[in-house]
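Asks: From first to last, the protein sequence lines stand for chains U and E. Quick note: to get our numbering, add 790 to the position in the first sequence (first position is 1). Quick note: to get our numbering, add 2 to the position in the second sequence (first position is 1).
None of these hints come from the bench; they were simulated from the model. In this text, a Cβ means the ideal position worked out from N, Cα and C, and glycines have one as well. Misleading hints may appear alongside valid ones.
Examples of chain E residues toward chain U, derived with CB under 10 Å [said to hold, decoys possible]: (1) M86; (2) Y140; (3) D153; (4) Q159; (5) L161; (6) E172; (7) A197; (8) S224.
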Amino acid sequence: MKRFLPVTAAVACGGLALLDFFFDSPHIDAAGTILVEGVTILAAFALLLGLLNILAVHLRRVASGGGDRGASLVLVLALLITTALGISMPDSPGIDWVFGYIYSPLQSTMTALLAFFVASAAYRAFKIRDAAAAILLISSLFVLFAQLPFSASLSPYIPSLRHWVFKVPVTASMRGLLFGIALGTITTSLRILLAVDKPYARSQEPR
Amino acid sequence: MPSLIHAIFFTVDVVALLTLFVSALMFIVFTIRAKGGASIPLRPIGVYEQMRRLVSHAAESGQSLHISAGSGCIGAEATPQAVMGLTAVDYLARRSAEYAYPMMSTAGSPTVFATTHGILQQAEGARGEAGGVGVRFYGPDPFAYAAGTYDTLQEKQPLAHIALGQFGAEGLWISEATNMRDGLRLGGTSDPSSAMLMWLSLDEAVIGEELYAAGAYLHHPSHLGSLATQDYLRAVLIFSIILGVVVASLGYWG
């Protein structure tokens, strides 16, 4: 019964969601809407659990007195102050200030770091290790060069070759990749829908 | 009944329904065959082979393994990717219960966090350990999740960091920020642009559909049926494309 109920509920909900996708009936639509709302409510409760997890991890760190306790203390205080502000005064300028002057700049900083990370990852990948890395290096250098405004003046074939690279090999490989992803998504969804894969009810080694 | 028939033939996407029906039929047949012990050959995929080796290393050295199942939410569009990430978490957790090596995980979505918590709690119970489960949630914002994961990796210094599931730019952020460490970094996602960035950065990476093979390669023989289904559907697609090109070239279509 411990496994039967979750599996039956999951298969029934999956089947109903699928019916909602294929059929345009007011009854099925209503049931589908209830399911979607249910997922949202469950996710909200899981978020609450996550909030408690952050608090527990960092309060433990503050209490243990390690080297990073200062950062943990800042995190806990920021979390508590923002939560208190958000609940007591949701439309106050204080909340806007927190997002505008703390959250957004921090996020921009993280995004800005990505540029350096892309460069350093590309540098390591460009060290020719095998044929794939060699193709990556040659094609990247060519596309970089062909993007330059003066490259067309060197040869009229360069822009058309660049266009061909984007239109034929890049599009073909992307479509191949997307087909594979679509097939993978279909079979993974079928596994869950037909209860072959049960991530919600794990108790024994799967067969 | 007439309204149902009308619904089926006039409002339903018949091609999608037919595709689903054929896929489900093939899937059932191949899964029954796979469960019956039919041999389905697998080509080697570096990430999954390394994960198997890592279990032995962790068991021998007693060092911990860290895994992230990504920032995709269960119940949203990224469910299949999140489930594959959780399959990898489940594999490492079961081995951790068996060989008693420590394990930790970070989550970037509340639903993945709750599921990972359950999986690791079960593994730690099997190891006879009580107390805090080694899973941390760092908020649904991808960059907060990346920063939190980086912090956890710096603090715990695990034997390896594995990032399998739904990742966007945060996948590159985590893998590059942890590049200076000695540990092995494995992972992958199915989103093409993020997968390429992770492939550039990680020691071994899976790209696209390889992510969905995690179960079949790690510990679910029944997943072999879905791999066979994928292969046959791919063959049908290739044949359809070639047929379409020939028919269109001869001027009979389009």
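Asks: Hint by hint, note whether the structure agrees.
Replies: Do the hints match the structure? See the list:
Against a cut-off of 10 Å between C-beta atoms, the interface hint on M86 (chain E) holds, since the closest Cβ of chain U lies about 7 Å away. Checking Y140 (chain E) against chain U: minimum C-beta separation of about 7 Å stays under 10 Å; hint holds. Annotation: interface hint on D153 (chain E) holds; nearest CB of chain U at approximately 8 Å, less than 10 Å. Interface restraint check: Q159 (chain E) against chain U, minimum CB-CB distance 14 Å, threshold 10 Å, status violated.
The criterion of a C-beta within 10 Å of any C-beta in chain U is not met by L161 (chain E), whose closest approach is roughly 21 Å, and the hint is violated. This hint holds: E172 (chain E) has a C-beta 8 Å from the nearest C-beta of chain U, less than the 10 Å allowed. Below 10 Å, beta-carbon pairs count as interface contacts, and A197 (chain E) has one with chain U at about 8 Å; its hint therefore holds. Residue-level restraint check for S224 (chain E) holds (minimum Cβ-Cβ distance to chain U is 5 Å; threshold 10 Å).
Checked against the numbered hints above, the structure violates hints 4 and 5; every other hint is satisfied.
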